[in-house]
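Enquirer: Each protein sequence line maps, in turn, to chains L and E.
Mapping the first sequence onto the numbering used here, position 120 (from 1) lands on 120, and the numbers just tick up by one.
Mapping the second sequence onto the numbering used here, position 309 (from 1) lands on 309, and the numbers just tick up by one.
Keep in mind the hints are simulated off the structure, nothing from the lab.
Some hints here could point you the wrong way.
Same chains, same names: a pair is fine if it fits in one copy or spans any two.
As the list claims (entries may be wrong) - EDC-like, lysine to aspartate or glutamate: derived pairs with alpha carbons at most 20 angstroms apart: (1) Lys-86 - Asp-29; (2) Lys-68 - Glu-243; (3) Lys-372 - Asp-415; (4) Lys-426 - Glu-232; (5) Lys-406 - Asp-259; (6) Lys-94 - Asp-46; (7) Lys-174 - Asp-440; (8) Lys-419 - Asp-440; (9) Lys-188 - Asp-440; (10) Lys-406 - Asp-434; (11) Lys-86 - Asp-194; (12) Lys-56 - Asp-274; (13) Lys-186 - Glu-388; (14) Lys-258 - Asp-26; (15) Lys-188 - Glu-388; (16) Lys-426 - Glu-228; (17) Lys-188 - Asp-438; (18) Lys-346 - Asp-259; (19) Lys-94 - Glu-112.
All values derive from a computational prediction rather than experimental measurement.
Number of protein chains: 2
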Amino acid sequence: MDEKIVKVGLVGFGTVGCGVAKLILDEADSIAAKTGLRLELACVVDIDTDSARPLKLPTGILTNDFDKLLKNDAIQIGVELVGGTKAAKQIQLKMLKAGKDVVTANKALLAEHGNELYRAALENGRCIAFEASCAGGIPIVSGIRTGLAANNISAMYGIVNGTCNYILSNMTNKDEDFAEALTQAKQKGYAEADPTLDISGGDSAHKLTILASIAFGCEITLDDVFVEGIEEISKADIRYGGEMGYILKLLAIGQKSKDNRISLRVHPSFIAKDNRLANIDGSFNAVSIFGSAIGQVMYYGRGAGMMPAASAVVADIIDVALGNSATSFRHLRLKSRSKTAPMIEKIGDTVSRFYVRVMVKDQPGVFAQIGKILAENAISISGVLQHEGRGPDNTVPVVIATHPNKQSKLTAALDGLDKLDTVCSKPVCIRIVDIPEDKD
Amino acid sequence: MDEKIVKVGLVGFGTVGCGVAKLILDEADSIAAKTGLRLELACVVDIDTDSARPLKLPTGILTNDFDKLLKNDAIQIGVELVGGTKAAKQIQLKMLKAGKDVVTANKALLAEHGNELYRAALENGRCIAFEASCAGGIPIVSGIRTGLAANNISAMYGIVNGTCNYILSNMTNKDEDFAEALTQAKQKGYAEADPTLDISGGDSAHKLTILASIAFGCEITLDDVFVEGIEEISKADIRYGGEMGYILKLLAIGQKSKDNRISLRVHPSFIAKDNRLANIDGSFNAVSIFGSAIGQVMYYGRGAGMMPAASAVVADIIDVALGNSATSFRHLRLKSRSKTAPMIEKIGDTVSRFYVRVMVKDQPGVFAQIGKILAENAISISGVLQHEGRGPDNTVPVVIATHPNKQSKLTAALDGLDKLDTVCSKPVCIRIVDIPEDKD
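Full structure from sequences and hints, please.
Expert: Structure (structure tokens):
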């Protein structure tokens, strides 16, 4: 069989860009043998053409002139690995208008401007492939879109940010506090110099926006996602939660109720220790998905890193070149928001169990006060933890796990607790997420 | 956007057939909304048109006349769910010749005659899609073929038979012996009336043949796979192995060495208790794959059952109708065996660690005898377990874990041990498989 030559242009020669270039250069033969496609790296565009990189490109490939890519009609696929949302958006739009299909790992851009970009692609008869934008190398986008196409997806629970999971794993397993764990993560290369986007939950929200759009088949915007990060998490709460049988994870959660309301949330979540997501440690990612026909399915792997991300980018390049992505993309019928906006559940209306810790004065009547406020807000207690002995300033921690209730009720109760004279600091509240486990 | 009508004909109206028909009938609207394809069930062929089924078909759909499917040119996709290898092969060949693409869950047929069927499909310009043949609803075939296309796959370790995993889980967790666990499995519907194909490892070997062909990109035949079942497993060995830190699983293993020798084996395997595959319980399936770029990736979900299997079949129908399967299938360049036969490693040459149990007379010198025979075969001991006290007939179990060695050396040592006067029954040998775990 003849080989089909596929010329690829890369924009952005950072870590992932190096990985993609390396795969295309090193694996061309094996990819050709498997797929019939011979990938050729036509050009790599970066404003910085001088810095040393871990990969040496053939002469004449690296350029700072984006036009060399745009105006080369032989280049069918443009890969945007610049990151950020401003320049990257213009780069993608220009490549689409120049008749090139786009492959990208840019979750921030897709989460913020995806719907606009998808429309631009369709108008130009092109496609955008974005497997690498979510959970790195794990083929989760195609898994949902193709593998689960016959399923009505009711829920997804994902650990999709390796930085946060690395930090929380170290806080849990090594008894480090947040600052120590973050320093470790930076030293090991699992956190950026400015880790804000990761630890704030923002990065997970980007990924959830993209995954939920595909899973639930409607236009989701970043504003639809409630986000809470891990910056405020203390190792004391991880320990107390552990005593109650829970592990703390930053989860990205998408749920669709029977009446089609969609709840989208990223927040620290206590999950049962025997849940399959509880033992996903370090920088790894995993996503559990529940489908009407398939039941539970879980994907696990490296969510970031040069070669895992490059693996997903090159898989997309292959899929685009084979024509599969174009078909999938055209048929990715995101219901236009203007016509049928999805019903997004307000965070106050979401129902959850809660872990609450209050630091109280060690004196008679305190439990009665706490109980009264919870009762007034119809919050039922499922477990209480108070160790003997007392902490500094004569305060003791009282830890309560609640039965399911609306977030709004809990918020009202927290306000009430905060006003008590006997409660000495702002109550801590962490959601307990009961992830179903499909069993025999 | 206009909907494209896709007429589907089904052959075989058993459990999975009912599931597929149900999905097509019930989910037509939601599939159309997601994919732009309106699936229509044109006919269901079965020799038995009388028995009651859990699903009522619209009038005129069920027939015992295969020609109604074959001669209906409007039917683009024929789904073979008959099972078995004789009639099913003819059914697939006839459908391909009649110009229909084929979707099937028939792993036995593909493992035994897949290469012939693939060629027939290519000759007729058609494709065969077989996601449902391996690990039920888990999208593993497309995961390997598409998601990991940029990777050189070095190994896969799979729990791909729900019946065996259910039996071994019960033997491990409920201290049942093999016969009890098998009876349980039958009662719960996890084992067939005749469970031979499952417990012999044959079914796992079928799936390994198919998955290895895709992962390693060469023609694999069923004969290339070494197979050992779980029929001889005793709960005593599960317990002793457990004391040494292992869990027993029936693994399907495919490994490619650096010099491209391929080892394909299905056998009971002791794996470390903290390995991710060790806690896959009951009828669930999971496959860990190691790729050059992506590192480790694991897929987990239901490996069998009416709706999970139907989910995979319908995903394939959609993929075929979108034209994606045809592209993937044409480019699935299995190197013809006649030209470049893969180098399959003989089982005697495979290197492994081993768990060995010998029932010995409780008398002086026995350990020395055992040690001498192992030493003569250059087998080094990594662990020994002998509890105090003695069993029936004044025999005691001596359990040995070895360092890695060639299977052929171990076999010679077992022969030697068997001949000892002090060894009272055939030595038991179970492979210890050190599955790597990708870690931070």
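Enquirer: For a quick check of understanding: which of the numbered hints are violated here, in increasing order?
Expert: Hint check: 1, 2, 8, 12, 13 and 15 fail, others pass.
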